[in-house]
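There are 4 protein chains.
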Amino acid sequence: MLGVGLIGTGFMGKCHALAWNSVRAVFGDVPAVQLVHLGETNTELAVRRANEFGFQKASGDWRAVIDDPQVDVVSIATPNQFHPEMAIAALKAGKHVWCEKPMAPTFSDAEAMLAAAKQSGKVAALGYNYIQGPAIRHIRKLLAEKIIGDINHLRIEMDEDFMADPNALFNWKHEATSGYGALDDFAVHPLSLLFTLFGRVSRVMCDMSKPYATRKTANGTDRAVETYDSASVLMRMENGVAGTLQANRSAWGRKGRIALQIFGSKGSILFDQERANEFQLYVTADRATEQGYRTILTAPHHEPYGQFIPAPGHGLGFNDLKIIECRELIKRINGQPAHLIEFADGLEIERTVHAMARSYQEQRWVDVR
Amino acid sequence: MLGVGLIGTGFMGKCHALAWNSVRAVFGDVPAVQLVHLGETNTELAVRRANEFGFQKASGDWRAVIDDPQVDVVSIATPNQFHPEMAIAALKAGKHVWCEKPMAPTFSDAEAMLAAAKQSGKVAALGYNYIQGPAIRHIRKLLAEKIIGDINHLRIEMDEDFMADPNALFNWKHEATSGYGALDDFAVHPLSLLFTLFGRVSRVMCDMSKPYATRKTANGTDRAVETYDSASVLMRMENGVAGTLQANRSAWGRKGRIALQIFGSKGSILFDQERANEFQLYVTADRATEQGYRTILTAPHHEPYGQFIPAPGHGLGFNDLKIIECRELIKRINGQPAHLIEFADGLEIERTVHAMARSYQEQRWVDVR
Amino acid sequence: MLGVGLIGTGFMGKCHALAWNSVRAVFGDVPAVQLVHLGETNTELAVRRANEFGFQKASGDWRAVIDDPQVDVVSIATPNQFHPEMAIAALKAGKHVWCEKPMAPTFSDAEAMLAAAKQSGKVAALGYNYIQGPAIRHIRKLLAEKIIGDINHLRIEMDEDFMADPNALFNWKHEATSGYGALDDFAVHPLSLLFTLFGRVSRVMCDMSKPYATRKTANGTDRAVETYDSASVLMRMENGVAGTLQANRSAWGRKGRIALQIFGSKGSILFDQERANEFQLYVTADRATEQGYRTILTAPHHEPYGQFIPAPGHGLGFNDLKIIECRELIKRINGQPAHLIEFADGLEIERTVHAMARSYQEQRWVDVR
Amino acid sequence: MLGVGLIGTGFMGKCHALAWNSVRAVFGDVPAVQLVHLGETNTELAVRRANEFGFQKASGDWRAVIDDPQVDVVSIATPNQFHPEMAIAALKAGKHVWCEKPMAPTFSDAEAMLAAAKQSGKVAALGYNYIQGPAIRHIRKLLAEKIIGDINHLRIEMDEDFMADPNALFNWKHEATSGYGALDDFAVHPLSLLFTLFGRVSRVMCDMSKPYATRKTANGTDRAVETYDSASVLMRMENGVAGTLQANRSAWGRKGRIALQIFGSKGSILFDQERANEFQLYVTADRATEQGYRTILTAPHHEPYGQFIPAPGHGLGFNDLKIIECRELIKRINGQPAHLIEFADGLEIERTVHAMARSYQEQRWVDVR
Ligand SMILES: NC(=O)C1=CN([C@@H]2O[C@H](COP(=O)(O)OP(=O)(O)OC[C@H]3O[C@@H](n4cnc5c(N)ncnc54)[C@H](O)[C@@H]3O)[C@@H](O)[C@H]2O)C=CC1
Ligand SMILES: NC(=O)C1=CN([C@@H]2O[C@H](COP(=O)(O)OP(=O)(O)OC[C@H]3O[C@@H](n4cnc5c(N)ncnc54)[C@H](O)[C@@H]3O)[C@@H](O)[C@H]2O)C=CC1
Ligand SMILES: NC(=O)C1=CN([C@@H]2O[C@H](COP(=O)(O)OP(=O)(O)OC[C@H]3O[C@@H](n4cnc5c(N)ncnc54)[C@H](O)[C@@H]3O)[C@@H](O)[C@H]2O)C=CC1
Ligand SMILES: NC(=O)C1=CN([C@@H]2O[C@H](COP(=O)(O)OP(=O)(O)OC[C@H]3O[C@@H](n4cnc5c(N)ncnc54)[C@H](O)[C@@H]3O)[C@@H](O)[C@H]2O)C=CC1
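Protein chains in written order, with full-length UniProt numbering: chain R, 1 to 369; chain B, 1 to 369; chain Z, 1 to 369; chain F, 1 to 369.
Please keep in mind that the hints were generated in silico from the structure rather than gathered at the bench.
Misleading hints may appear alongside valid ones.
To be verified - Computed cross-link-like contacts, DSSO-like style, restricted to lysine-lysine with a CA-CA straight-line distance of at most 30 Å:
{"#": "1", "chain 1": "B", "residue 1": "266", "chain 2": "F", "residue 2": "57"}
{"#": "2", "chain 1": "R", "residue 1": "173", "chain 2": "F", "residue 2": "146"}
{"#": "3", "chain 1": "Z", "residue 1": "57", "chain 2": "F", "residue 2": "57"}
{"#": "4", "chain 1": "Z", "residue 1": "146", "chain 2": "B", "residue 2": "216"}
{"#": "5", "chain 1": "Z", "residue 1": "331", "chain 2": "Z", "residue 2": "146"}
{"#": "6", "chain 1": "Z", "residue 1": "266", "chain 2": "R", "residue 2": "266"}
{"#": "7", "chain 1": "Z", "residue 1": "141", "chain 2": "Z", "residue 2": "266"}
{"#": "8", "chain 1": "R", "residue 1": "266", "chain 2": "F", "residue 2": "216"}
{"#": "9", "chain 1": "Z", "residue 1": "266", "chain 2": "B", "residue 2": "216"}
Unchecked claim - Partial list, derived from the structure: chain Z residues whose beta carbon lies under 8 Å from chain F:
{"#": "10", "residue": "28"}
{"#": "11", "residue": "31"}
{"#": "12", "residue": "270"}
{"#": "13", "residue": "274"}
{"#": "14", "residue": "275"}
{"#": "15", "residue": "297"}
{"#": "16", "residue": "310"}
{"#": "17", "residue": "312"}
{"#": "18", "residue": "315"}
{"#": "19", "residue": "351"}
{"#": "20", "residue": "368"}
Note that the coordinates shown come from a computational prediction; the quantities given were computed from them, not determined experimentally.
Cβ atoms here follow ideal geometry from the backbone N, Cα and C, with glycine treated the same way.
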């Protein structure tokens, strides 16, 4: 029996709640889960959501969740600035932590979180769900068995259009205090994929740009935009492979694109999160006249698709990624090997992002470490 | 509070369990759901699954589920031949019924089921989940507002390849006692889509074929295959529109294809369940030089996608369809209008399938009614 | 040296002219071609086009072309109703004939054409260019080597939208005298593909429909449309394979679609003329976890692509099909084996179309022969 | 009447020959073309090709072509190192020049070519055919009318796999004397597109890499590869727009990919040369619930598609691009405005490529001018 606390019930909070609700029914091989305590900004909201999500208790103060002795693990699904305080408090209270990505707005806070995790001896994992999809997991397996030989070039792009409207008013996301822009909003996700598929990044050279220099404020005046919606990065992996990473949160038409191109000595692999239930494989082992990208639909033989659906080509959804992540977390809590980004790797992802930003500021290649 | 019983825990049984588990967390607007009683073929299995799925009680006899006074609604997710007996018993016991499609192997059994439903005054719904997807629901809305004008032609295809291997041994699906073949396995799903999008079918002309005339039995002898893996149907809708319906369960390469082509006087719409998170729209309202099929990714504004995910293009999965269906069922139980195929419509779907089969046997056009 | 005559300089006439102009430069292995004589409806137009296309002589009377002793082969690219008279006259004059498809509006005229061809001993070929594409030719080769095993099901669709506008005025294509509609406009092309890939059709069951029952005439009155823009056909091939053929010339959004689905015991093949420079292959010989449709781009190893371009994936165009056809014609004239639809096969294509029409009229399955 | 000389009859030489052969038949509005003189490395080959391509004279010495008084314009389709000498000689001889891209291996040679062109007063154009496709031309029109608003971000990739095989032996393309690698082989083409669509590049930051550090020579020893098959470039356009350009000639699976992503304030446009007969447009002018990328098939209303084919969606081929380019050249020779990359722009393209190489060598941002 695992007692669960949840803080935050927005996009990701609900996603965590759904995952906790379903993980045992989907996987069978995990212990029973008890939804113990839900925290929100006020009691009324907390009670309403606890009711909907099936939590037993509800508090308007997140500390009550962390202090609850029945809670073994805490889902932290609040805005980034709250992660350090909440995660460190939870770890100190002896709870396992499942914190949404990224770790923290500042690198030193992220470092403090890792330190707290180490000290606690508890599991401290991050919500990098895109590494959990059956297609990505299978690609990882294929790379390991060198189906496309030795990798020699990588490209990854993450694009959405939620900031693309030039007529949207100036908001906090346009202030420098919110971070760099596309880099911290998006680059961390592609990095989580790169880390699990290929290892860490060693050097980066980054350019950033703003689609709209100014935006209207609510009172009709123009205000200079301080963050960069677009970032493009040349990079070298620690294993020597060259590649590029691009992120754009003002890319009209893109909704949830994370497009990966992997080139090797014997073939190549393509993937796009907007069509996450398929990936493309090109192998030179095929006869020359019939070589072409295979569009492979995910199926029960692509783990852990089969735990959700016994028939191929029927498709998982975005929320299912969280269920898979949840099961990995539980395995990890139980001392089993797990496919998960924990605070140590999470810190390296953030180190890489900060190196990218520094590279842009200094207009030069920067070593990540 | 709604007390739930579940019979059968295979592909669909698990899918129902997941739906019951999540429906309130996803939608918020439904009453609390209590997983009361689970039935399986034996107690051991029933207990194990009840444990995993979160049911309070478990029985090796499905009648115990139906007789449980705490159970308000029964999910029937057993093989087709059990549907009539179980559904009728449940209705007689005063339970609402959520029965997997199709209703029954024989038409008379299906009629009896409808009769029982009418007599009981309870809700009796069928598991036609493909009508629930946000893309299909939005297409329905677009057709209603005549975005592509008056419909004049339809094509629908449903293809998978689970029977495509000629070396697979003869099994019960190859016996005539199991039904017609592709017609009852598959045709009902496209018909559920046609019914909700366009109305009923009036006339059909059907051809059927067998990819493999014989199959090996376990003891190595050849045995004649009695069912038809492929069916192709010319048809007229009650509203006069002409179209075709094709189904093939031996179509190598197809995994979960339900491909719809709808042509109207002002445009056309395409959909394929293998890429269920998008659909294609062509409208002549666009300037001629830029007319083309728009690939529209599902998003929060395509109901009820937003209840699952607040961001566009992230994608629902197959199991999410059941959650949507479950909420419609609950709405219906609560006396609200619902988007659901109930026994009355289900019977018409089956009437249509039987008319198709008769058309093939008699090699002529057959009026459905 | 081959002397060429051309009658008609519209869509296809120009296409023939381009083919004659380029065939030797592309293939090298054909004799020199002399553009001798061009015929059009009047001298002025004939002279202008002869000038543009590079013909030496021009006449306002097509008989002059046929009677020209320097002319060895005549391209007939006029509307269908002129084919019989022109082709028969040309054959009688001892010329080879390259006549656009279909042979003739009536079956008896087509029969007369074949008789004239036989009597003349000259080559009499038809303009079924879609069988010439490198993708289709390669598919033919793959089928012959049974890469997808034994074929068991076929689907072919040909759709365009040039008749889709309900506000377009009534014209001659809406009169019954112009033929059946989609059947003769379109069905012949898919049939040419079926014939070369699989052989002839033995039985057909056809439905036809009209998207718009009436159309406005120039003077504003409504007039009943007499032809059928859409035709759907159940069929059996002579080799026993079952399939369907559909044609629709009012299918908004479709521009040059000829979509082929071929299912066999070991895989399947897809092709769509709108993306003619690629085709899709699924084979069960691939490892199960990586089975998927390969999108194969045409390349020099797909004959005769390499005669046009030495680099893969660069793409041929529609007009290049005619150049290939032209070279096949020349090979045939030179007594070599050629991949070409000649009058004998052309007549069978038309026999099949007429059988389809009869099937619709009589609402029953019809044997083609 | 325009007298044509052609030097070189390989990939591009044949392509030029086909273009000269067809340009008048396709466009009608150009003067008669006379294929006068063909030059090759030896007389035998020259005669053979002249015969095939329809040239009147043939020489084993290219100077004879240039000196031929009947020749007005010379197509230069020889390897890059010959371009300067041949082009300058032709211009000095008072001929117009149509030289394949790029201008020359060294920048100073390219400068000399431009100087010669200026001095001659003759037309000196380059073979940047990808700017000629109807899709690209229409995109240019759409950008000009600001259908996607103000451009704010660009990405362009050009990838093929002809150098991807690690087992292919060391050849001259691996020697530094052949150039930089992907940069000069490929980057010029994307630059030609960027120049015509958006203007010139102002600053670049380039990374290059080698998929295979060594290759086997014919005698079995390993030799270090000196060129870079992959190049990735951060860049700023003169108009301030940020973007990236990537080129990879060892990208398994890519055959003729030139993929363009253009993001603007009101939408975006995608194009890929591997499917050159279509492009994708996303516009925010569409109703929100139906926004999506439109796949627009080229058609007669996309100039000059209609000169080739009067029906939409039938598709042009790679060789047709050269016919369009040829007609632009002729228009230019006739003093009309033309859509063509001439030596002045060609030099800027090469200046940009050299700046990219310098940026890599010096590991810093470099101003192009
Ligand atoms: N893994 C993924 O794919 C995604 C991760 N995220 C991450 O999830 C986190 C949350 O983002 P969203 O869910 O999109 O935000 P949201 O704004 O939808 O939800 C935030 C929730 O936190 C609650 N909250 C705020 N302050 C609180 C406090 N002091 N105590 C208790 N509750 C508090 C809010 O009331 C709200 O329910 C962020 O770190 C974000 O980066 C977000 C979207 C996708
Ligand atoms: N809506 C959809 O998309 C789909 C619907 N179905 C329908 O769902 C139904 C079940 O099919 P699957 O789940 O694929 O079958 P399955 O074989 O995976 O599961 C059947 C379950 O019923 C149980 N069962 C059998 N007899 C029983 C009895 N007498 N008492 C209690 N439990 C019993 C079995 O032990 C098993 O757990 C069928 O009617 C099928 O047509 C199946 C797949 C997809
Ligand atoms: N193979 C293919 O893919 C296609 C074949 N076709 C076939 O090509 C034939 C011609 O069709 P289109 O070129 O589209 O028609 P079109 O209307 O574009 O051209 C017909 C030409 O024939 C000329 N013509 C008419 N009567 C004549 C006469 N008595 N003497 C001399 N010239 C005469 C017209 O002036 C015109 O130039 C038809 O049989 C059609 O079915 C058409 C389009 C595509
Ligand atoms: N625009 C485009 O898309 C493309 C442009 N090119 C360009 O075209 C040019 C030629 O390349 P390819 O045709 O691929 O090469 P290729 O090797 O196929 O043909 C070169 C031809 O030049 C001839 N040649 C060589 N030296 C000669 C001399 N001294 N005198 C007369 N003839 C001579 C050769 O015999 C051969 O026929 C290059 O500059 C290349 O960059 C090449 C491919 C595509």
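Hints, one by one, checked against the model:
Among the hinted pairs, residue 266 of chain B with residue 57 of chain F is inconsistent with the structure: their alpha-carbon atoms are about 57 Å apart, more than 30 Å. Proximity of residue 173 of chain R to residue 146 of chain F is assessed by CA-CA distance (about 27 Å); at most 30 Å being required, the pair is judged to hold. Restraint check: the Cα-Cα separation between residue 57 of chain Z and residue 57 of chain F comes to about 25 Å, which is no more than 30 Å; the hinted pair holds. About 22 Å separates the Cα atoms of residue 146 of chain Z and residue 216 of chain B, which keeps this hinted pair within 30 Å; it holds.
Annotation: proposed proximity of residue 331 of chain Z to residue 146 of chain Z holds, straight-line Cα distance about 27 Å (limit 30 Å). Of the pairs offered as hints, the one joining residue 266 of chain Z and residue 266 of chain R holds, with about 25 Å between alpha carbons and a cut-off of 30 Å not exceeded. Distance hint between residue 141 of chain Z and residue 266 of chain Z is fulfilled; the C-alpha atoms sit about 15 Å from each other, no more than 30 Å. Simply put, residue 266 of chain R and residue 216 of chain F have alpha-carbon atoms about 17 Å apart, close enough for the 30 Å limit, and the pair holds.
Restraint check for residue 266 of chain Z and residue 216 of chain B: satisfied, since their Cα atoms lie roughly 17 Å apart, inside the 30 Å limit. A cut of 8 Å between beta carbons decides the hint on residue 28 of chain Z: the least distance to chain F is about 5 Å, and the hint holds. A distance limit of 8 Å between C-beta atoms decides the matter here; for residue 31 of chain Z the minimum to chain F is near 10 Å, and the interface restraint is violated. Evaluation of the residue 270 of chain Z hint against chain F yields a violated restraint, the C-beta minimum of about 15 Å exceeding 8 Å.
Checking residue 274 of chain Z against chain F: minimum C-beta separation of about 5 Å stays under 8 Å; hint holds. Because the smallest distance between the Cβ of residue 275 of chain Z and any Cβ of chain F comes to about 6 Å, under 8 Å, the interface hint for this residue holds. Interface hint status for residue 297 of chain Z: upheld, as the beta-carbon distance to the closest one in chain F is roughly 5 Å, under 8 Å. Given the 8 Å rule on beta carbons, the hint for residue 310 of chain Z holds: about 5 Å separates it from the nearest Cβ of chain F.
At about 4 Å, the closest approach between the beta carbon of residue 312 of chain Z and any beta carbon in chain F falls short of 8 Å, and the interface hint on this residue holds. With a cut of 8 Å, the hint placing residue 315 of chain Z at the interface with chain F holds, because the nearest CB-to-CB distance is about 5 Å. Because the closest C-beta pair between residue 351 of chain Z and chain F is about 27 Å apart, greater than 8 Å, the hint is violated. The beta carbon of residue 368 of chain Z is not positioned within 8 Å of any beta carbon in chain F (closest approach about 29 Å), and the interface hint is therefore violated.
Taken one by one, the earlier hints fail for this structure at numbers 1, 11, 12, 19, 20, listed in ascending order.
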